[in-house]
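J.: Residues per chain, in single letters:
There are 2 protein chains.
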Amino acid sequence: MTLPSAAAPAITSREVVLKECFGDELLDVMNFLNEVVMRFPEAISFAPGRPLESMFKVQQHLSAIETYVQACSARKGCSPEAIWREFGQYSLTNGIISDLIANHLERDESIHVPPSAIITTVGAQEAMAIVLTGLFDQARDILLVSDPTYIGITGLARLMNIRVVPVPADAHGLEPNAVERAIVHASRDGRVRALYDIPDFNNPLGTSLPLDRRIALLDVCRRHDVLMIEDNPYGMFAYDHARMPTLKALDERGTVLYIGSFSKTLFPGLRMGYLVADQRVGSSAGPLARALSSVKSLLTVNTPPLLQAAVGGELLREGGSLEAIVAPKRAQYKKQRDAMLVALARTFGGGPQGVTWNAPAGGFFLTLTLPFAFETADLQICAGKYGVIVSPMRFFCVGPPRTNQIRLSFSYVDPQRIAEGIERLGAFVRDRVSGAGNRH
Amino acid sequence: MTLPSAAAPAITSREVVLKECFGDELLDVMNFLNEVVMRFPEAISFAPGRPLESMFKVQQHLSAIETYVQACSARKGCSPEAIWREFGQYSLTNGIISDLIANHLERDESIHVPPSAIITTVGAQEAMAIVLTGLFDQARDILLVSDPTYIGITGLARLMNIRVVPVPADAHGLEPNAVERAIVHASRDGRVRALYDIPDFNNPLGTSLPLDRRIALLDVCRRHDVLMIEDNPYGMFAYDHARMPTLKALDERGTVLYIGSFSKTLFPGLRMGYLVADQRVGSSAGPLARALSSVKSLLTVNTPPLLQAAVGGELLREGGSLEAIVAPKRAQYKKQRDAMLVALARTFGGGPQGVTWNAPAGGFFLTLTLPFAFETADLQICAGKYGVIVSPMRFFCVGPPRTNQIRLSFSYVDPQRIAEGIERLGAFVRDRVSGAGNRH
Numbered sequence: 067m068t069l070p071s072a073a074a075p076a077i078t079s080r081e082v083v084l085k086e087c088f089g090d091e092l093l094d095v096m097n098f099l100n101e102v103v104m105r106f107p108e109a110i111s112f113a114p115g116r117p118l119e120s121m122f123k124v125q126q127h128l129s130a131i132e133t134y135v136q137a138c139s140a141r142k143g144c145s146p147e148a149i150w151r152e153f154g155q156y157s158l159t160n161g162i163i164s165d166l167i168a169n170h171l172e173r174d175e176s177i178h179v180p181p182s183a184i185i186t187t188v189g190a191q192e193a194m195a196i197v198l199t200g201l202f203d204q205a206r207d208i209l210l211v212s213d214p215t216y217i218g219i220t221g222l223a224r225l226m227n228i229r230v231v232p233v234p235a236d237a238h239g240l241e242p243n244a245v246e247r248a249i250v251h252a253s254r255d256g257r258v259r260a261l262y263d264i265p266d267f268n269n270p271l272g273t274s275l276p277l278d279r280r281i282a283l284l285d286v287c288r289r290h291d292v293l294m295i296e297d298n299p300y301g302m303f304a305y306d307h308a309r310m311p312t313l314k315a316l317d318e319r320g321t322v323l324y325i326g327s328f329s330k331t332l333f334p335g336l337r338m339g340y341l342v343a344d345q346r347v348g349s350s351a352g353p354l355a356r357a358l359s360s361v362k363s364l365l366t367v368n369t370p371p372l373l374q375a376a377v378g379g380e381l382l383r384e385g386g387s388l389e390a391i392v393a394p395k396r397a398q399y400k401k402q403r404d405a406m407l408v409a410l411a412r413t414f415g416g417g418p419q420g421v422t423w424n425a426p427a428g429g430f431f432l433t434l435t436l437p438f439a440f441e442t443a444d445l446q447i448c449a450g451k452y453g454v455i456v457s458p459m460r461f462f463c464v465g466p467p468r469t470n471q472i473r474l475s476f477s478y479v480d481p482q483r484i485a486e487g488i489e490r491l492g493a494f495v496r497d498r499v500s501g502a503g504n505r506h
Numbered sequence: 067m068t069l070p071s072a073a074a075p076a077i078t079s080r081e082v083v084l085k086e087c088f089g090d091e092l093l094d095v096m097n098f099l100n101e102v103v104m105r106f107p108e109a110i111s112f113a114p115g116r117p118l119e120s121m122f123k124v125q126q127h128l129s130a131i132e133t134y135v136q137a138c139s140a141r142k143g144c145s146p147e148a149i150w151r152e153f154g155q156y157s158l159t160n161g162i163i164s165d166l167i168a169n170h171l172e173r174d175e176s177i178h179v180p181p182s183a184i185i186t187t188v189g190a191q192e193a194m195a196i197v198l199t200g201l202f203d204q205a206r207d208i209l210l211v212s213d214p215t216y217i218g219i220t221g222l223a224r225l226m227n228i229r230v231v232p233v234p235a236d237a238h239g240l241e242p243n244a245v246e247r248a249i250v251h252a253s254r255d256g257r258v259r260a261l262y263d264i265p266d267f268n269n270p271l272g273t274s275l276p277l278d279r280r281i282a283l284l285d286v287c288r289r290h291d292v293l294m295i296e297d298n299p300y301g302m303f304a305y306d307h308a309r310m311p312t313l314k315a316l317d318e319r320g321t322v323l324y325i326g327s328f329s330k331t332l333f334p335g336l337r338m339g340y341l342v343a344d345q346r347v348g349s350s351a352g353p354l355a356r357a358l359s360s361v362k363s364l365l366t367v368n369t370p371p372l373l374q375a376a377v378g379g380e381l382l383r384e385g386g387s388l389e390a391i392v393a394p395k396r397a398q399y400k401k402q403r404d405a406m407l408v409a410l411a412r413t414f415g416g417g418p419q420g421v422t423w424n425a426p427a428g429g430f431f432l433t434l435t436l437p438f439a440f441e442t443a444d445l446q447i448c449a450g451k452y453g454v455i456v457s458p459m460r461f462f463c464v465g466p467p468r469t470n471q472i473r474l475s476f477s478y479v480d481p482q483r484i485a486e487g488i489e490r491l492g493a494f495v496r497d498r499v500s501g502a503g504n505r506h
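Going down the list, the protein sequences come from chains E and H. Counting from 67, one number per residue, gives the positions in the first sequence under my numbering. Counting from 67, one number per residue, gives the positions in the second sequence under my numbering.
Looking at chain E on its own, in the form it has when it is part of the complex:
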């Protein structure tokens, strides 16, 4: 089979736009991060922010569809067969398990919102697409992002021609005064519509936003009429102490749009996330989520009901809380984080190499700072010669590229391999610092 060659229409303009957005090198970063494991099967990869497959209960969660079918059948007084058929049909745009998600948010996140404020989405990514498509006027609106940040939000914004302005994060994440300065400065060029951040166990940094900053940040955003987009895929993975409240749990004024995900608590193949938009719209009685359903319907019509039913069934089985399902996963990821911190201390601690790192209190990632710039070529060298894969931090940067930093993910590698992988990284760093690594 060959591709059409003669006189095919010129597929160039938008492609050029894409390349201008990302740069040639970064065009495939998203795919790289998802597919790198397949390309370098022999290397130990600290690159992808994937959850550990051995923890997945795919068939168990899928069997929860039956639990949800039985519950619907009892509630509606019709046969299980009728419910199964209903799940085969086009369904409600904003989803069928909003009541169960609202209950889960109360139980596990201390977030109190009505079911009508929730849109079930095809992963958190679609929630971002709904927000950027539905709430941004690209002619004038600006998206602020904590920098570095998740590439799924900046890539999407650029794809949709929405201006992105970075707010540099420090060792604790966003600093409210820096946010306010950025808002004031950016407001000269347009309207700052929203600020995106992952306050809990940040991707890519591994930072946690302190409580006083959360409160101050909400105040800054409210005063400047800026929406806060809080993305919280890792919140239930706190390893050291009680969790801090999410921004949404602290939000009394409708400042926060909250994005949740079942990719880490259950498994990513569900492609199940949700958007919480409880803001009142104009004089309308309904929440913003209802207005945004037009946008959802134009992107994917509705989220697959059968997968909603699987999540709904698990939430029913578990009485609304995912804690029992998450606990063993959290214990495993904590082991992996600990293994990485121990290995880093053993490999780089107290040495003369000037390598430093942070100790994340949860989530999947930490930041490693090197005494030299980590180039794209180093990615290939690390993977090919040393058998270890990492993510250059500048992949995630909108502003200055943090050339000396890399993101290490400990979510996808078991403790023994983590120790081995960090040793390999140590060998690379030693060779590179001594000049040996440059010969390749």
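Watch out, some of these pointers could steer you wrong.
Note: identical chains are not told apart, hence a pair may lie in one copy or across any two.
Straight-line Cα separation of at most 20 Å, EDC-like style, residue types lysine to aspartate or glutamate; simulated pairs [stated by the list, open to error]:
#1 142 / 108
#2 123 / 480
#3 401 / 236
#4 142 / 119
#5 400 / 165
#6 123 / 147
#7 123 / 152
#8 400 / 389
#9 451 / 441
#10 400 / 480
#11 401 / 389
#12 451 / 318
#13 451 / 497
Keep in mind that the hints were calculated from the coordinates and are not lab data.
For chain E, the structure is supplied; the task is to place chain H on it using the hints.
T.: Chain H in isolation, oriented as in the chain E frame:
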């Protein structure tokens, strides 16, 4: 639970944009069409273009996941458990069953494309979102649509600020000379990037594009460097004679982007569609589908692997063709179409009322032309007083609103109810023509 009220950020600008796009009245058309059945449970509805639930084999198709798991397990030489876990993980952006879809396209549609040209999508709607996001420069590109047309494409284009220019369809669909005139005329204001149509059993009209027009249309598009977006959800539902070749089957120059769907052949709750983009991009070796994977990854990351596996399993079981699964559905829909044509002839035939209709050779819809304008108020009157629901054709119009036409869907109502529903519609028309209907 109450919504935040005090000092919530102003959620207005984009909403205003949305209302400008659709008009207040049309803002909820998509939701209306999907949810109208729930709002008027007592009425006979010819409005939604839904497939008939009684034909769904939801559990049977879902059980095909196991078939696909076994096949993967054998091919890859790993355990079924490992395959199940793999389906729980983040997956390839463009999907995992492209080889099976390519085979299905050969068997059932005589379309020959390499698997690398296929992107599996969350329903056909996401395929449209990928095309409009990835290939349109909204500053200058124009989308032509056959008019009236599927509201999912025009709504999406407007949401994304892409200019839409209608090309009026006649009794056989798009007329190639009219298309060429529209291209030439619109090219004064920008670049005509693509033309959207449903050539087979058009939604909303029920027309089928004649073969000579298909050939001429491809020639016009190719000469003017305009992509043809062929949306084909109903192609396998031909009732009277052998199918005509799709535009994609006739396409030798990479003129056509083809959008497929499993919503009608299997069931809509799968949310499984696909985009065929086999055009060569610039000097790249890969097809356009590969370049567009960046866009797909930023909208939904990937299509749920478990649902891809369900479709893949059915395609394996059926040896690549969906014919055996579709045959009984086609027979049922044909019965329903015949029942509607018989009922229309009985109710309106030869009478003085001046009601006319077309006889579609396949698909879910036909066009009824009334001797008076069918207003929005008539929708409520029909549903509430006469117990029958229809879609005003102007819901689907970009250009002149075809006020005297309605779309009747025969896909969602059994033959007996169809007869009853058309009788009710007859009563409404008689009262309306005689002036009685105006009193309500």
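J.: All hints are to be evaluated individually against the structure, with a verdict given for each.
T.: Cross-check of the supplied hints:
1. 142 / 108: For residue 142 and residue 108, the Cα distance is within 20 Å only across copies (17 Å; inside one copy 53 Å).
2. 123 / 480: For residue 123 and residue 480, only the intra-copy Cα distance (18 Å) is at most 20 Å; the inter-copy one is 41 Å.
3. 401 / 236: Classified as neither; 26 Å inside a copy, 68 Å across copies.
4. 142 / 119: Intra 36 Å, inter 17 Å, cutoff 20 Å: inter-copy only.
5. 400 / 165: Neither: 31 Å inside a chain and 40 Å across chains, both beyond 20 Å.
6. 123 / 147: between (25 Å within a copy, 10 Å between copies)
7. 123 / 152: between (25 Å within a copy, 11 Å between copies)
8. 400 / 389: within (15 Å within a copy, 51 Å between copies)
9. 451 / 441: within (15 Å within a copy, 72 Å between copies)
10. 400 / 480: Result: close within a single copy only, 11 Å intra versus 57 Å inter.
11. 401 / 389: Classified as within; 18 Å inside a copy, 52 Å across copies.
12. 451 / 318: neither (53 Å within a copy, 45 Å between copies)
13. 451 / 497: Classified as within: same-chain Cα gap 11 Å, cross-chain 83 Å, threshold 20 Å.
Of the numbered hints stated above, those contradicted by the structure are hints 3, 5 and 12, listed in ascending order.
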